[in-house]
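Chemist: Okay, here's what each chain looks like letter by letter:
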Amino acid sequence: MANRYFVQFFYSFFKKPVLLAGDATFTAAVAASKVVQDLTYLADTAGTAGNLISVAYTGGATAGSEVVTVVGNAISVQIQTGVSTATQVKTAVDASAPASALISVSVSGTGSTAQVVAAAAFLAGGLDNTFDSLSFQGVDSITYNSAGDYTINLSDEYNGLISFSAFIESTTSQDRIWQIDNNSVTSAALGIRCLSTATPTNPVTGTKCHFEIILSNSSV
Amino acid sequence: MANRYFTQFFYSFFKKPTMIAGSAIFTAAGSTWALVNFPGVDSITTNSAGDFTINLSDKYNGLISFSAVIESTTSQDRIWQVDSNAVTSAALGVRALAAATPTTLTDQSVVYFKIILSNSSV
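Just so you know, the protein sequences line up as chains A and B, in that order. FYI, the numbering used here numbers position 41 of the first sequence as 41, with every residue one higher than the one before it. FYI, the numbering used here numbers position 80 of the second sequence as 80, with every residue one higher than the one before it.
The shape of chain A in the complex, shown without the other chains (with noise of 0.2 Å):
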C-alpha cells in the first residue's frame, strides 16, 4: 500500500461530513425459455415472473387443427401425438392471443418433426434487473424501479446530502449521466437516474458502477 506521507485531515463547512463510496454490478434482466421437442418457448417480459409460465401437449387433436387453451400462466396445446408437426403446433401457438401475450416461440429443431405429448414443464432461467455484488460499506441494497431508475437504499439515515457522483467502469463505451431525482437521505433512500441522452437508461449488463455520496450527520 501506498506509503507517503498523507495529510489527515479534510477541511470542510460541515461538521460531520461522511463518506460512502461503494460499487455494484448491474445485471440486466433475462427472460425465461424452455425448449420443448422442436420448439423454443421465449417468455415476453424479461423477469423471474416468466418462471412461472409453463408449457404442456396433450392429445387428442387432429394434426392442422391443434388447440390452445391458456389459463392464467399456463399454456395446454392440444396435438395429434406423434403426428402433429413443430410448425403446426407454432402456428398454432402463434394463432392465440392469450400465449402470445406471453411468450414467443421459435423453431429450434426440425419443423417437419412431429410432436408428442408432454406434461406440463415451466419456462426456466428468468432472471430481473438487479444490482448485486454490492460492495459498498453503509449502503444495504440498491433497487432497481424502471429502466435507468434506481433507489439506493442506506443503512442508516442522515440530516442531508452533501454531494453525489456516480461512474461506470466498463470496456464498452456508455454515455451515461448520473441525476439525483429523489433525495430522501432523512429517510436512508436516495434515488437516482441513469441517462442517455435525457432517457433513463440501464448501463449495459455486467457494468460495474461505482457511486460516491457525502453526507451530513450533523443538523448544526
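Simulated from the structure, these hints should not be mistaken for lab results. Certain hints may be false.
Covered, in the sense of this in silico footprint (three residues per stretch, anywhere, with C-beta under 8 Å from a C-beta of chain A), are these stretches of chain B [unchecked claim]:
#1 3 to 12
#2 17 to 24
#3 33 to 41
#4 48 to 62
#5 77 to 85
Result set (DSS-like, lysine-lysine): computed pairs, CA atoms no more than 25 Å apart in a straight line [unchecked claim]:
#6 A/K16 <-> B/K16
#7 A/K16 <-> B/K15
#8 A/K15 <-> B/K15
#9 A/K15 <-> B/K59
#10 B/K15 <-> B/K114
#11 B/K114 <-> A/K208
To give an idea of the interface, some chain B residues facing chain A are shown, with a C-beta separation under 7 Å as derived from the structure [as the list claims (entries may be wrong)]:
#12 S67
#13 V69
#14 I70
#15 E71
#16 T73
Glycine residues also receive a C-beta, built at the ideal position from the N, C-alpha and C atoms.
Position chain B against the provided structure of chain A, taking the given hints into account.
Modeler: Only chain B this time, still in chain A's reference frame:
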C-alpha cells in the same frame, strides 16, 4: 441519524484540502440561483445560457476537483465543465452542457456542487 463508528480522517497528498459543497436552486425566469446550504460560496451568477460563475467567499491557492449533479424529476442530460478556473480570485466558471452546447436548466432544478480546493501553496 447514523450512529455507527466512522473513520474520522481522510488522507490526502494535499496539505490543506478544503471541501466546499452545497446545493443551489435554479430559477429559469431571470436565470437566478438561490443558495440552499452552501457555506463557502457567496453566490452563483448566470453569465449566459448554461454558463455560470460560482463566487467563492475566499480565495484559494488552487482547484483540486469539481463535480455537480442535478436533482430533478425531469431528466436532464447535463455534463458539467469548468471553463474558467479563477479560484485564486475567488471565482470558478462552470458550464452545463447538453450535447456539447451550454444549456440552461429546468426551472427549480436543485444542483449539488462539490468543489475541492487547495488552501496551501506548498
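Chemist: Each hint should be assessed against the structure and marked as holding or not.
Modeler: A quick look at each hint next to the structure:
no.: 1; hint: 3 to 12; result: holds (count 7)
no.: 2; hint: 17 to 24; result: holds (count 7)
no.: 3; hint: 33 to 41; result: holds (count 3)
no.: 4; hint: 48 to 62; result: violated (count 0)
no.: 5; hint: 77 to 85; result: holds (count 3)
no.: 6; hint: A/K16 <-> B/K16; result: holds (18 Å)
no.: 7; hint: A/K16 <-> B/K15; result: holds (20 Å)
no.: 8; hint: A/K15 <-> B/K15; result: holds (20 Å)
no.: 9; hint: A/K15 <-> B/K59; result: holds (22 Å)
no.: 10; hint: B/K15 <-> B/K114; result: holds (19 Å)
no.: 11; hint: B/K114 <-> A/K208; result: holds (23 Å)
no.: 12; hint: S67; result: holds (5 Å)
no.: 13; hint: V69; result: holds (5 Å)
no.: 14; hint: I70; result: holds (5 Å)
no.: 15; hint: E71; result: holds (4 Å)
no.: 16; hint: T73; result: holds (6 Å)
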